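J.: The primary structure of each chain is shown beneath.
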Amino acid sequence: DAGVTQSPTHLIKTRGQQVTLRCSPKSGHDTVSWYQQALGQGPQFIFQYYEEEERQRGNFPDRFSGHQFPNYSSELNVNALWLGDSALYLCASSLAGGLRYFGSGTRLTVV
Amino acid sequence: GQQVMQIPQYQHVQEGEDFTTYCNSSTTLSNIQWYKQRPGGHPVFLIQLVKSGEVKKQKRLTFQFGEAKKNSSLHITATQTTDVGTYFCAGPAAGNKLTFGGGTRVLVKP
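Protein chains in written order, with the working numbering: chain A, 1 to 111; chain B, 1 to 110.
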């Protein structure tokens, strides 16, 4: 039974570029949440997807967008990258908003 | 909006000693969850507390949910080097999103 998988594990981008991060939820899970974790801080909620729709959104600008596919996998897109977007991006899956299982994350560095 | 605070931010512990870390929410919580994140790793779910005054134990870890359901604590006895990491508490806010505290970073001195 595969857990939550994220790709890529590490990524280096230049300011102004765009990035797409991917997440496959744990088998049987239908809800995907994305979090941004800056160095030395707790995870900050970006948004949550359920039934291919954004169900809830945190305090992040429109540069952050996402998508959920019919197989429940999800993508996080960030446009016009800033240096401040450098962080660990975590995907968490759950069943109907229950307990979250986190993936190993994607470490994004913006230079 | 809801805020979750954790103290202390850092905890330096001698191996074998006990310590407690505290979590406080600005709002009443339906439940509180605790996660552990090892250095370079990702948050791993430890436990969820739901009832007012609930106490749960996992080996050397004891978790407590306050009577008012606005605070929680994690007590670790006989600290070991395997306890190194950051411990986060998190509570559900409106709409089911999880709000995390800033974490307590635990360093163990052998």
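Honestly, the hints are just simulated from the structure, not real lab data.
Being a predicted model, the structure only gives us computed values, none of them experimental.
Any given hint could turn out to be false.
[As the list claims (entries may be wrong)] Some but not every residue of chain A turned toward chain B, in silico, with C-beta under 10 angstroms:
(1) Thr20
(2) Ser27
(3) His29
(4) Gly42
(5) Pro43
(6) Arg57
(7) Phe64
(8) Ala92
(9) Arg100
[Claimed, not checked] BS3-like cross-link-like pairs, simulated, lysine-lysine; straight-line CA separation at most 30 angstroms:
(10) B/Lys57 x A/Lys26
(11) A/Lys26 x B/Lys59
(12) B/Lys70 x A/Lys13
(13) A/Lys26 x B/Lys36
(14) B/Lys70 x B/Lys51
Glycine residues also receive a C-beta, built at the ideal position from the N, C-alpha and C atoms.
J.: A separate judgement is required for each hint: does it hold in the structure or not?
T.: The hints, checked one at a time:
1. Given hint, A/Thr20 at the interface with chain B, is violated; its Cβ is 20 angstroms from that chain's nearest Cβ, farther than 10 angstroms.
2. Given the 10 angstroms rule on beta carbons, the hint for A/Ser27 is violated: about 17 angstroms separates it from the nearest Cβ of chain B.
3. For A/His29, the shortest C-beta to C-beta distance to chain B is roughly 13 angstroms, which exceeds 10 angstroms, and the interface hint is violated.
4. Checking A/Gly42 against chain B by beta carbon gives a least distance of about 4 angstroms; that is within 10 angstroms, so the hint holds.
5. At a threshold of 10 angstroms, the smallest CB-CB gap from A/Pro43 to chain B is about 5 angstroms, leaving the interface hint in force.
6. At a threshold of 10 angstroms, the smallest CB-CB gap from A/Arg57 to chain B is about 9 angstroms, leaving the interface hint in force.
7. Residue-level restraint check for A/Phe64 is violated (minimum Cβ-Cβ distance to chain B is 14 angstroms; threshold 10 angstroms).
8. Checking A/Ala92 against chain B by beta carbon gives a least distance of about 8 angstroms; that is within 10 angstroms, so the hint holds.
9. The beta carbon of A/Arg100 is positioned within 10 angstroms of a beta carbon in chain B (closest approach about 7 angstroms), and the interface hint is therefore held.
10. Taken as a hint, the B/Lys57 and A/Lys26 pair is honoured in the structure, with Cα atoms around 27 angstroms apart against an allowance of 30 angstroms.
11. Between the alpha carbons of A/Lys26 and B/Lys59 the distance comes to roughly 27 angstroms, so the proposed pair stays at or under 30 angstroms and holds.
12. At most 30 angstroms may separate the alpha-carbon atoms for a hinted pair to count; B/Lys70 and A/Lys13 exceed this at roughly 41 angstroms.
13. Distance check on the hinted pair: A/Lys26 and B/Lys36 sit about 19 angstroms apart at the alpha-carbon level, within 30 angstroms; holds.
14. Between B/Lys70 and B/Lys51, the direct Cα distance comes to roughly 11 angstroms. Compliance with the 30 angstroms bound is thereby established for this hinted pair.
Violation of the numbered hints given earlier is confined to hints 1, 2, 3, 7, 12; the remaining hints are satisfied by the structure.
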